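A.B. asks: For the protein sequence lines, the chains are B and R, in the order given.
Under my numbering, the first residue of the first sequence is numbered 1, with each subsequent residue one higher.
Under my numbering, the first residue of the second sequence is numbered 1001, with each subsequent residue one higher.
Since the hints were made in silico from the structure, they are not lab data.
The reader is advised that the hints may include incorrect statements.
[Claimed, not checked] Heads up, simulated DSSO-like pairs for lysine-lysine below, C-alpha to C-alpha not over 27 Å straight-line: (1) B:K135 with B:K105; (2) R:K1086 with B:K65; (3) R:K1086 with B:K165; (4) B:K136 with R:K1192; (5) B:K65 with R:K1193; (6) B:K65 with R:K1192; (7) R:K1086 with B:K173; (8) R:K1086 with B:K136.
[Unchecked claim] Not the full set, but computed from the structure, chain R residues with beta-carbon under 8 Å of chain B: (9) G1076; (10) L1082; (11) I1120; (12) W1122; (13) G1124; (14) D1156; (15) D1178; (16) R1185; (17) R1186; (18) E1189; (19) V1207; (20) C1210; (21) L1242; (22) D1251.
Quantities reported herein were computed from a predicted structural model and do not represent experimental measurements.
The beta-carbon is built from N, C-alpha and C at its ideal position, and this holds for glycine as well.
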Amino acid sequence: MVGILDVDLCGPSIPRMLGVGRQEVHQCDSGWVPVYTDAQKSLALMSIGFLLEDPDEAVVWRGPKKTALIGQFVSDVAWGELDVLLVDTPPGTSDEHLAVLENLKKQHKVDGAILVTTPQAVSTGDVRREITFCKKTGLSILGIVENMSGFVCPHCSECSNIFSKGGGEELAKLTGSIYLGAVPLDPLLCTSIEEGKDFIQTFPDSATFSAINIIAQTLLTCLQNS
Amino acid sequence: MKYTSCSFHDVSERQKQHMARGLPKQKPIAGVKQVIVVASGKGGVGKSTTAVNLALGLTANDPSKTVGILDADVYGPSVPKLMNLKGNPELTDSNLMRPLTNFGIPCMSMGFLVEDVAPIVWRGLMVMSAIEKLLRQVDWGLLDYLVIDMPPGTGDVQLSITQNIPIAGAVIVSTPQDIALLDARRGAEMFKKVNVPVLGLVQNMSVFQCPKCNHQTHIFGDDGARALAETLGVKVLGDIPLHLSIREMSDRGQPVVVASPDSPEAEAYRRVAAAVVQRLEELSG
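Could you build the full structure based on these sequences and the hints that come with them?
C.D. replies: Laid out in C-alpha cells, this is it:
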C-alpha cells in the first residue's frame, strides 16, 4: 500500500499523471480522505490540485500559507495503513521542504530522500545543494536517480546523450551516496504520463520499464535493510 | 470608554490606506531601462539556458544595446555555470556589488555569494531580503535590458520581484508537454494577477533530430505551446530544438549563441530575441 503526498503546491502534476485530475476530497471522521487511483486502493494520493476549484489555477502563495497547508496534509489526511509514503517536492530547498520535514518528523520516522537529477552539469550542480540540505537536516539519502539518461532514436536505434550521461552516477560516487539507476528519455513514457495512463501496464516490455523496476527493487531492498 | 461613530466611507477609506501601506511601491532599478523576466512555472524546462541565450541574442542582434542578467533563482542558481563565471563580487566605493561580466554581459547571481554546494535553506522572508539586495545593491551601470532568470514556481520570489520593480514584460518558457504547459499557464496567470504583460511563450525542447539518421522525434510532445499561446492570447516567440550542442556547450559555460553563432540553434535564440524586442515596442507604442 503506497501513498503519494504531492507538496509541489505551485505545480501539482501528480493528479494528472495518475489520471485522477478532477477529483474532489471528502472528509471522514479521521480527516481528509485521500484520492485512490483504483478500486483496490493500492495507491493513495493527496495534492493541492484536488482542493482548488479549478485545478489549473495558479497558487501564488507566500511561505507561511504554504507551510500551514503542508502541515494539514501531513496531520489531517486519513492515509490509513501504508507501507510507503512517497513525498513529491518542488525544485529547490525552501518552505515546502522545511515544512514537510518538520511535520513528518513530529509523527513519523522519515526513512530518507531519493534525489533525482538529469545528467548534465547544471542539474547535478543544483542536486549537490540538495545533498548538502539532506545532510544538514539529518535526512539520510536513500539514493540518486539519473533521469532522462540517453535517448534511443526509434528509427535507427542510435543512442544520443541529449542531456549528457553518467552525471548522476558520478554525483553518487562524489558524495558517497547509493546510485539507484538511470531512466532513459522515452517519448512513450512521456505520452503515458500526459494522458494519465499506467505506463507499466501498457509497456511492460520496454527498457524504460525495466530501468524503473530495477530502481524500485533497489530502493525496497534499501528500506528493508535499514 | 468613548466610542466615536464613523461612517462606512471612513472605514473603507482607512482600509484602503492600510492596504496600500502593506504593499511595497514599485521603484525602477537605477540605470536599467527595461526589465524582462524569464519564467516558467515548471522546473527543468530550460528557463536559465533560455534567459542566458536570450540576453546574448539581444546583443547579437543589436550590439549597441547593453544587457545584463540577474539570476533570481536563489535555490538553484545556474547562471554562473552557464556563463562560465566564478568568484565573489567586489564592492564599489558606494558599497554596491559589482556584477561579474562575460561575453560582454554583466551578471549577478546568488551563486556568486554562496559556496558551490551550499543549499539556500531559507524561508520566504529571508529570500525576500536577498532578492532586495540582488535588485538594488548591484552596480549595473546603464542597461537597455535586464534579463531576470526567475526560479520555477509561483511563490515568494516571483511576488517579491513583481511587487518591487516595474517589469516591461515576461517571457514564459515551456516544453511542449501538457504537464509543463499547465504550469506555464499558472505562471501566465500569476503575471496577469500582478499586471505584468506576458510577451509570449518560448517552446523549448520542441523536437529532436537524430544526429545519425536525421529522423525527427517530438520527445516531449507535439507543439502544445501553440495551443496554450492561443488560449492565453499571447504569441509563440519561438521554438528551440533539443540539440546536444546546446547542452554540451552550456555545460562548458559557452552559451550556444556565442559558441556556435551560425548554428540553427543560435539562430532560433536570436529570433526569440528579435520577437521579444518587437513585442516590447508594440506594448510601449
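A.B. asks: Which numbered hints turn out to be false for this structure?
C.D. replies: Hints 2, 4 and 19 contradicted; others consistent.
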